[in-house]
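**Student:** Chains as they are written, first to last, in this note's numbering: chain A, 334 to 691; chain B, 737 to 1031; chain C, 79 to 319; chain D, 4 to 246; chain E, 2 to 401.
Note that these hints are calculated values from the structure, not bench results. Treat the numbers as computed from the prediction; the structure is a model and nothing was measured. A hint or two may mislead.
[As the list claims (entries may be wrong)] Per label pair, the in silico range of CB-to-CB distance:
| no. | chain 1 | residue 1 | chain 2 | residue 2 | range |
| --- | --- | --- | --- | --- | --- |
| 1 | A | G648 | E | D149 | 46 to 52 angstroms |
| 2 | B | A740 | A | F495 | 25 to 31 angstroms |
| 3 | E | D149 | B | A740 | 31 to 37 angstroms |
| 4 | D | D24 | B | A740 | 54 to 60 angstroms |
| 5 | D | G180 | C | S98 | 34 to 40 angstroms |
| 6 | B | W897 | A | R471 | 28 to 34 angstroms |
| 7 | E | Q323 | A | V376 | 31 to 37 angstroms |
| 8 | E | S275 | B | G742 | 54 to 60 angstroms |
| 9 | D | L19 | C | E261 | 52 to 58 angstroms |
For each residue, glycine too, the CB sits at the ideal point set by N, CA and C.
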Amino acid sequence: MSSDTQTGGSLESVADGYNDRFGHLFGELNGPQFALLIGSLVVLLAAPVWTSLLGAGGLLRTLALASIWAILAMAWDIQSGYTGYISFGHAVLSGGAAYTTAMLVAHVNPDLPFLVTAPISVFAALVIGLVIAIPSLRLRGPYFSLVTFVAGLIFYQLTYAFSGYTGGELGQRVGRIEFELAGAQVTTFDPVTRYYVMLVPMLVIAVALLYVARSNVGMILIAIRENEEAVAAAGIDTTKFKIWSFVLSSIPMGVGGVLLAHFYGSVNPLNFLLVDRSIEIIAMAVVGGMSSILGPIGGAFLVIVLREEVLGVFGVTGRWVALWTVVLLVLVFARDGLFRKLWHILGDRGRADGGDDE
Amino acid sequence: MLGAIGSFLVTGAMISAIYALIAIGFTMIFGVGGVLNLAHGGLIMLGAYGFLVVTSSSTVEFLAIPPIAGLAVAIAVGAVASYGLYVGLVEYIEDNPVITFLATLVVALILAELAIVAFSSSPRGLVNLAPGSSGQSVGLRVTNLEIVAFVTSWVAIGLLWYYVTRTDDGRSILATSMSQRGAQLTGVDLPSVKAKTWLIAGALAGLAGVFIGTLQQTSPTMWLDPLALAFIIVVIGGIGSIKGSIVAAYLIGYLETLTVTLLGSGFRGTFSLVVLVIVLLVMPQGLFGREWVHE
Amino acid sequence: MADSDPHLEIEDLHVYYGKSHALKGVSLSIEPGEIYGVIGPNGAGKTTMLNAIAGFVDYEGAIHYDGIDLATVSPRDIVTDGLVYCTEDRDLFPFFSVHENLQMGAQFRDDREAVKRDLEMVYDLFPRLDERREQEAETMSGGEQQMLAIGRALMSDPDLLMLDEPTLGLAPIIIEDINDAIETLNEDEGLTILLAEQNSTFALRHAERLALLETGEIELAGPADEFQDSDYIQEAYIGIH
Amino acid sequence: MSFFELDGLTKRFGGLVAVDDLSLSVDRGEIVGLIGPNGSGKSTVFNCTMSRYTVSDGSIHFDGDEITDLKTHEVVENGLARVSQESNPIDAMTVGANIKLFTLPNSVTSIRGGASDDEIFNYAARLDLEDKLHEQPDELPHADVRRLEVAKALATDPEMMLLDEPFAGMNQQEIDGLVEKFEELRDAGMTMIVVDHNMGGLMRLVDRVVVIHNGTKIAAGDPEAIAENDQVRRAYLGSSEAM
Amino acid sequence: LGDEDDLIRVGHIGPLQQDMGAGSENSAQLAVDQLNDEDGIMDREVELVSVDSLGDPGEALTATEEMVEQDGVDVIIGTFVTEVMQGITDYVADVDVPFLITGSADPVTVTDTVAEDYDRFKNIFRSGPINSDLQAEGMVDYAEFLADEYGWTQFAHIADDAAWTEPFSDNLPDALEDAGLDVVHEDRLAPGTDDWAPVNSDIDDADADAVFRFFAHNVGTGMLVNWRENEYEFAIEGIHVPGMSPEFWDDSEGAALYETISQSGAAGAADITSETGPFVDAYVEEYGDDRPSLPMYMGFNTYDAVFIYKDAVERAGTVDYQADIDTIVDELLETDHEGAASEIEFYGPDEDYPHDVRETTDDDGVITNFPVTQWQDEGEFECVYPEHLASADHITPEWL
Ligand SMILES: Nc1ncnc2c1ncn2[C@@H]1O[C@H](COP(=O)(O)OP(=O)(O)OP(=O)(O)O)[C@@H](O)[C@H]1O
Ligand SMILES: Nc1ncnc2c1ncn2[C@@H]1O[C@H](COP(=O)(O)OP(=O)(O)OP(=O)(O)O)[C@@H](O)[C@H]1O
Ligand SMILES: CC(C)C[C@H](N)C(=O)O
Ligand SMILES: [Mg+2]
Ligand SMILES: [Mg+2]
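Start from the sequences and build out the full structure, keeping to the hints where you can.
**Tutor:** And the structure:
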């Protein structure tokens, strides 16, 4: 591709520096793409500063919430977006982790520290993920989606059937995150700390998933989506990789679920298990651009900011009508996702050969 | 004891007929277009609210038409909405099953929220088509409405069965489900077959909406359970098989009645879901289904 | 209709798949009652041309059938007007029986008596199908499926039959059966046939006139005997016969 | 024991016996042709070997090991590769990536691995695809797609290949080119079973022909003898004209 | 926090998209408007900040934080669902903002908090309704009334599977037996039950004369329809929150007929105190065309709470809860208010239900601030119990 960048060679040379060192790990970038990434990162890391300057403390809470959903959307993407086995019940994984935390607190010991409940809950998400994945991955296409959809319904109903343990419709209290880190007390009571407690795991997970997605594993997962038989013919155990994708997905889903439980301070079926939640996760990934990891992050921030900050003008119910309508429009008119579009526009403007975001 | 068994059999039969009605429209759409129309539950809800608007004196007073006319309105609302959904949305996206799956579900969510805006989230009752009950003398309790629903469902199912399996038009609908290209090559009028399919499915949904809306309640959340049921029944019965849907509807109807009788209503749906998963794993094509052929 | 009016007339046909230009201005005309062969290497655009005629792809240019501009007619009406297409992929109804598949071929026809006669004709032509009336199409072998596809097309009472690669992947002995069938239909029923073939032997054997298509353009068109010494045929068939 | 051996292989689909007690052996370095009428069970034999179908009865041995009940990927790891009747490229990936996929290790933790760009170039070059590495498969002419299928099979470094109708839909010129490539592979020690209805291409290539009909062997021998065999003519070839 | 201007901000939280929450919000607004028509609170203008709990503890916590940190409210009034209230108590206790509960009924609201750790939770009060322990007692009184009236002795008991009904399930059956009545059937139902045929048929099979059902999350329309169509021979009594909506008659197409509901304020059908009538009239004048056209029980309690807060802070001479919470609490404890719902006084810190509203009783010790209403002919809401407040007689279906 010919070099016609006016945006300044310095940007390009920084991007090149990155490409030389990390390009093979996370994918190559051109100047504008690099600027977008670094810019977004700075905006996110500095959010407590600029939100308080703007007097928009509520926005910080929204961004914290968006970070959690970004984890969920990325986690869905590495499984469904990459393998093409579209899960319609992913909220079960995050919900499972959240409920594990809640039930540990409610039924084992209310004083269990976060550093104990969190790993157990993430592990629970992994177990649930495998319980769903192992039988259902034998099925293809709509059948797989159906079983995951149904798994969501089953878990939803079980919270009612076993309301003695789960608190039924009304759910259970979880409380805040409190733990010690390097001698300092970290608590989500403080809005700024809470924000970073949500943001940092999101960034770590993003880097990890990007690394995996740009590796052999990502290539194989995509190939499974495109043509599973061809992958088997290549001597690759597709079952193993599909299950692996569920593992890669369940762990961050668990992390997201735990964070969300502490963010709300409580769990209930509505916020954690209702089909709407699974669909929201998918909507974020699709709006951002499936199978790109970065796209779903953008999708999550867009959807959550719309939902919490912008569409509120339509009222409590109206905002959902508006939000779902936006999602529907993206599905029909930009089914590859908004952020992927943006990424490709930047890719075309810059010098490097697109961002191979697949 | 006899009374208990009798009432189990009767209750099961009533509910199962309605389940069959719910599922068949969904089966048709899935079978013919390969479209998983997750807005099917939304259409059922529209039927119920359509009936509410025209029959209740508390919504639009001067309307308040007799319930039997309201039934016709509900059927029409379901049919038109269903057709509108197809030409307004599904037609443009049906090439991509994932997008279609998602978009129709989003439509259902939008419909549910709109229902809240229009009617608030409080559930509503519907004017009863057939008040009263029968059978107390022999120790069985059945409301007249259940009897009406049972008979109407079977008439609708019977007509549909005849249409699909015994007429050229109907055979074309089945054929289209197997191969769209083949249907075109043999001169099937695709737009008209699709229109008919969506209209019929929507009409059945509207009809079912009135029965569910009266027997249970009419509320903005009433779309999900019927959808889940339709989904489960269709998969257990086998994609595209009308016979399968009816058998599975009875299986699930009786299973639920039994579960409720023995374990209480909290476990109502859970067992159906478990049965579904088992059926899928043991015989992925369902009882009467064919392997899902892509395109 | 006067003999001189072409049955099918294609003028300056262009088809694009995205940026790629698959047909670049093809013109040809087919007379009633003739067998017309279109040959050419892989990817030349033969299937694309038939798909355009059947209304399955968008095109530029004009296609007239019995004087009707096909652009103004829906794919369904093209079939009911007697222009019937038997595709490369066969496109059978996999879960219908042989008999039901044949019935579907005639689903738009009202002339019940004639349909019955045609059904007997097809069963006469392909005794194999007669033996397997109740077998589901999906479970038939490749060759039987090809017979069924042709049979189903005949049930639509065609005036002009388009056959795309009727011999692909078939055993030599079945190719012979199909040879006989084509000859019978053309000679006894006066059916016009447009035959697209990549393996030219078969087309050369039947067609009265041929067109050679390469990368979307007609390289050569004319009576069959002119073709025997064309460069393409020579090159493509080195080492055969 | 031969290099590759089918022993009493049987495959039933419900009541239908697609392959019926078929035995067959192939020596290292041999090219065997497998022919028979449509529906005689040829592809089914390949599908059983590659474990796309589970075997109803009988056994399959390869290079001294039993491979009857292995999974597809395990069969491939053992050194068998198949070019199937339908081309199966991944259209969303370039030709190069399609080939690379076939070199990736079967390990979820192997993040980087598989063939280097040079190696991929070499695989492609063996089938004259080296100029097309950056094209998408759906932009390629049919013959190139078939060559890509062979290149992918080669990329798994097989010792033996099963070729299902490699010549279908090709003209004579293209067939000749492909026959040459196969001969080069034979010279490099590759063992092959080839299924095709194109007698011109097939008979030139193979050392030996096995004919099956209704899933059972009806004849075997060198190409000339088979072409003259009456039973084969009646069941498959018809009047020799079609050759 | 947000106190630079001279406004006093009254925070309100409830499920605003439901009739209950909307009625409560309207009532709060009415109270604030009435205050501003006079001298406000401590001569400062009052502003209402109303947030939606969405009936969800998580959302409610977010909304509460926002209300306290962004909007700087001086008091929080509301919460309908007990679980929502529990979701925000930790936070509310930590920030010390006075919190007057006006909808949630579970006694643990105070017994697990104020009673356990007074210093931490002292800013939490409930001005209504009386807690479910006391409500259960009230129900026993009512059952005895029914037994006298109709000779009913066999009762069934079913309830939402939710926190607020636990006291009913725990206490009511025993208390009824102690009163010499039989409890022939008991059950708890998951919220969202929509198939009522088995529920009614179980009650019928048990030969109950009446069923006490306690629904706040379940909607009993289907139960009523099924009951009427089958002409089941038992009466339907107890609590049914959706049935408290003045719009329920229309919503249920008249299926509401004959059901009774206990609720503070008696839906305005009776003059419980001298404040009741004027409040209801003012409400109807302002909001009578909206939904709900009457305040509903939470509206009464919320309206009262605004005035209780006003009186207390004016006595305390401060609204600065961060500095003076102890003074404010002390003054709240002094409350003796003639409210629209009833006479309001709080239990003291050392009693069984610290900071909870006291029940009022008549001379026989019968609880009077938990009256029973009944849907009667043509959609009239009547108060049928206690007898001295009744606007009409309790009636039973003609098929009984
Ligand atoms: N749907 C499509 N999208 C994009 N390109 C296509 C499509 N269908 C065909 N092509 C391309 O158009 C050209 C003509 O294809 P066509 O199938 O018409 O050839 P053909 O002559 O029938 O070949 P064959 O002998 O292989 O059947 C080829 O280059 C092919 O790759
Ligand atoms: N999945 C299946 N289910 C049922 N029957 C099958 C299945 N696969 C193949 N068959 C049947 O098994 C028989 C053998 O099929 P196979 O594909 O092996 O034939 P083939 O020799 O490869 O034919 P061709 O030359 O047409 O490719 C056929 O009768 C076919 O209908
Ligand atoms: C119905 C009310 C008296 C109780 C309220 N719904 C609660 O959850 O506490
Ligand atoms: Mg072609
Ligand atoms: Mg084959």
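**Student:** Could you tell me which of the hints above the structure violates, numbers in ascending order?
**Tutor:** Numbers 5, 9, in rising order.
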